[in-house]
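Residue numbers (the numbering used here), protein chains in the order written: chain A, 1 to 93; chain D, 1001 to 1453.
Read the hints as simulated data drawn from the structure, not as lab findings.
Be aware that one or more of the hints could be misleading.
[What the hints assert, rightly or not] No more than 30 Å apart at the CA atoms, straight line, and that leaves these computed lysine-lysine pairs for DSSO-like:
#1 D/K1024 with D/K1282
#2 A/K23 with D/K1317
#3 D/K1282 with A/K90
#4 A/K90 with D/K1253
#5 D/K1253 with D/K1024
#6 D/K1282 with A/K89
#7 D/K1282 with A/K91
#8 D/K1317 with A/K89
#9 A/K23 with D/K1253
#10 A/K91 with D/K1431
#11 D/K1442 with A/K90
[Stated by the list, open to error] FRET-style restraints, in silico, Cβ to Cβ:
#12 A/K23 with D/N1179: 45 to 51 Å
#13 A/A3 with D/Q1156: 31 to 37 Å
#14 A/M11 with D/Y1021: 18 to 24 Å
#15 D/F1264 with A/G54: 45 to 51 Å
#16 D/E1294 with A/M11: 33 to 39 Å
#17 A/F5 with D/T1144: 30 to 36 Å
#18 A/K89 with D/Q1081: 16 to 22 Å
#19 D/F1452 with A/F15: 48 to 54 Å
#20 D/Y1021 with A/F5: 19 to 25 Å
#21 D/F1452 with A/M11: 18 to 24 Å
Virtual Cβ for every residue (Gly too), placed ideally from N, Cα, C.
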Amino acid sequence: MEAVFLTFILMLAIFLGFELINKVPATLHTPLMSGANAISGITVVGAIGLAGTGQQDMANWLGAGAVALASINVVGGYMVTDRMLAMFKKKEG
Amino acid sequence: MDATQLLIQLAYVVSAALFIYGLKLLGSADSARRGNMMSAVGMLLAIVAALLDQGIIEYQWILLGIVVGGVIGAAAARLVQMTSMPEMVALFNGFGGMASLLVGAAAISTATGTFTLVTIVLSILIGGLTFTGSLIAYGKLSETIGSGAVLFRGQQIVNSLIVAGILASGVMFCLQPENPQWLYLVIGLSLVFGVMAVIPIGGADMPVVISLLNSYSGLAACAAGFAINNNILIVAGSLVGAAGIILTQIMCKAMNRSLSNVLFSGFGSVSSGEETVEGEIKPISVEDAYYILEAASNVAIIPGYGMAVAQAQHVVKELTEILERNGAEVNFGIHPVAGRMPGHMNVLLAEADVPYDQLLEMDDINPRMENVDVAIVIGANDVVNPAARESESSPIYGMPVINVDQARTVFVLKRSMASGFAGIENPLFYKENTRMLFGDAKESIGGLVREFA
Chain A
1 MEAVFLTFIL
11 MLAIFLGFEL
21 INKVPATLHT
31 PLMSGANAIS
41 GITVVGAIGL
51 AGTGQQDMAN
61 WLGAGAVALA
71 SINVVGGYMV
81 TDRMLAMFKK
91 KEG
Chain D
1001 MDATQLLIQL
1011 AYVVSAALFI
1021 YGLKLLGSAD
1031 SARRGNMMSA
1041 VGMLLAIVAA
1051 LLDQGIIEYQ
1061 WILLGIVVGG
1071 VIGAAAARLV
1081 QMTSMPEMVA
1091 LFNGFGGMAS
1101 LLVGAAAIST
1111 ATGTFTLVTI
1121 VLSILIGGLT
1131 FTGSLIAYGK
1141 LSETIGSGAV
1151 LFRGQQIVNS
1161 LIVAGILASG
1171 VMFCLQPENP
1181 QWLYLVIGLS
1191 LVFGVMAVIP
1201 IGGADMPVVI
1211 SLLNSYSGLA
1221 ACAAGFAINN
1231 NILIVAGSLV
1241 GAAGIILTQI
1251 MCKAMNRSLS
1261 NVLFSGFGSV
1271 SSGEETVEGE
1281 IKPISVEDAY
1291 YILEAASNVA
1301 IIPGYGMAVA
1311 QAQHVVKELT
1321 EILERNGAEV
1331 NFGIHPVAGR
1341 MPGHMNVLLA
1351 EADVPYDQLL
1361 EMDDINPRME
1371 NVDVAIVIGA
1381 NDVVNPAARE
1391 SESSPIYGMP
1401 VINVDQARTV
1411 FVLKRSMASG
1421 FAGIENPLFY
1431 KENTRMLFGD
1441 AKESIGGLVR
1451 EFA
């Protein structure tokens, strides 16, 4: 049942994603992409659980590596998106 | 479910809502920055919630990972040049993919049931090919490796064998999860497949590849979410997956090509037909260009990747201001695939303080082109190539282009007569109303600015 439930979430999220992203204007496609990149760093949440088991085994090291890589995405992605969006200005007057 | 577990799950629900609302706010330039902030808050919330998990015994490795990754990410975000955004996004896609691969591999020790094993294979496969594919894309974009398409005889067969190998070893892994050699095989083949998938794609198709890899990095996170039974990974991953797919579609449409054509045909390397272009090249000096511009009342600027390479965006902005003070209307025409990633030109011009409402999309500028006195093409080539409309034998025939040749006069700023990134001859340069302003774009425009002063 769990699998069906998760697939259900997947289906809804994909449709929602299509609806949301379709409305983003071409001007913002680069920030959209780097922002999406930051969101894909959500893997860090899964990796945290694996890196903290205290087992000192393979899974633990893999998890710690994943935390580091995904953190690059999260921190770098959000910061560079913010840096870009701060530059977008409307014509004054 | 105990109280902490419930709290964690509720926090995930809230952060999913924040991601979704953040993406919604990204739909308009006024609210986009707030949207990004909101999405970041959602991420922070999800991370804090994950740290509360009672399964976590020690924190030092987690903290080490976050600090190391965070410092690298922050440094990259601060230091990257806007011209290099495509490379950075490509690299980040790769890191995301690798993270998902590692999570998938680490989840094996706790995996139960075939469904979980299948999702583990998927997260390793998608994560692995995203990782190496992105590294190749990075290499092509930064031109540390050749940006052309790499094609060889029997490529399709080799690729089919790799896919078959991945399928077979994936199935074997699911049947014998205790036998690590199948796992290593899946990992190895996925990494090889990423390389093989991106090398046949030419440099001009990079906007498609980078969008697609973005989508994959999301889907990899999604698969990892299935592997470890985590809702928030599935929701966030599929949002990213959807975003990447839509951008991929937009890019393909802007080049009038199907996705499979981009992925398999090695477009960039195809030598165009032996077509002779009629007419002659008419160079123009900065001084003569100034006299024409001085009299113009409607100017359109069409930037391409060459503007980024020459770092000419700031001096272009200067010229724009001078022309406006001179009474001319100035607009920018931005082709969807100008530059090396979707929206690349917009970011560069925003960096130079050009207001975004002055940047027109292709479909908005084309109907106005007949009223344009001077169209200035800066470092763009294929996206203004009239052969896409006129010459059925051209490899880019049917691709929507910005019709600069319909303006009264066209200035093409170009380093030399070498053909564009896609390697296609451009009849625009030989048209009656075209003048070539040879030289470095930044210097040429700087020269024009000085003439006005």
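Evaluated hints:
1. For the suggested pair D/K1024 and D/K1282, the alpha carbons sit about 49 Å apart, so the restraint of at most 30 Å is broken.
2. Distance restraint check for A/K23 and D/K1317: the Cα-Cα separation of roughly 28 Å lies within the 30 Å cut-off, and the hinted pair is therefore satisfied.
3. Note on D/K1282 and A/K90: the hinted pairing is violated, with a Cα-Cα distance of about 38 Å set against a maximum of 30 Å.
4. For the hint pairing A/K90 with D/K1253, the CA-to-CA distance comes to about 28 Å; that is within 30 Å, so the pair holds.
5. Distance check on the hinted pair: D/K1253 and D/K1024 sit about 23 Å apart at the alpha-carbon level, within 30 Å; holds.
6. For the hint linking D/K1282 to A/K89, the alpha-carbon distance of about 38 Å lies beyond 30 Å, and the restraint is violated.
7. For the proposed pair D/K1282 and A/K91, the alpha carbon gap of about 36 Å is over 30 Å, so the pair is violated.
8. Note on D/K1317 and A/K89: the hinted pairing holds, with a Cα-Cα distance of about 13 Å set against a maximum of 30 Å.
9. Taking the CA atoms of A/K23 and D/K1253, the gap is about 17 Å. The hint holds against a cut of 30 Å.
10. In summary, the hint linking A/K91 to D/K1431 is not supported, as the alpha carbons are separated by about 35 Å, beyond the 30 Å threshold.
11. At roughly 25 Å between alpha-carbon atoms, D/K1442 and A/K90 fall within 30 Å of each other, so this suggested pair holds.
12. Roughly 48 Å separates the CB atoms of A/K23 and D/N1179, a value that falls within the hinted 45 to 51 Å.
13. A/A3 and D/Q1156 have their C-beta atoms about 34 Å apart, which keeps the hinted 31 to 37 Å range intact.
14. A beta carbon spacing of about 20 Å between A/M11 and D/Y1021 agrees with the range 18 to 24 Å that was offered as a hint.
15. Take D/F1264 and A/G54: their Cβ atoms lie about 47 Å apart, and the range 45 to 51 Å holds.
16. Look at D/E1294 against A/M11: about 60 Å separates their beta carbons, and that is not inside 33 to 39 Å.
17. For A/F5 and D/T1144, the hinted distance range of 30 to 36 Å is not satisfied, since their beta carbons lie about 45 Å from each other.
18. With their beta carbons about 20 Å apart, A/K89 and D/Q1081 fall inside the hinted range of 16 to 22 Å.
19. Here the CB-CB span from D/F1452 to A/F15 is close to 53 Å, well matched to the stated 48 to 54 Å.
20. Between D/Y1021 and A/F5, the C-beta spacing of about 24 Å keeps the proposed range 19 to 25 Å intact.
21. Separated by about 58 Å at the C-beta atoms, D/F1452 and A/M11 break the suggested range of 18 to 24 Å.
In terms of the numbered hints stated before, the structure departs from hints 1, 3, 6, 7, 10, 16, 17, 21, listed from lowest to highest.
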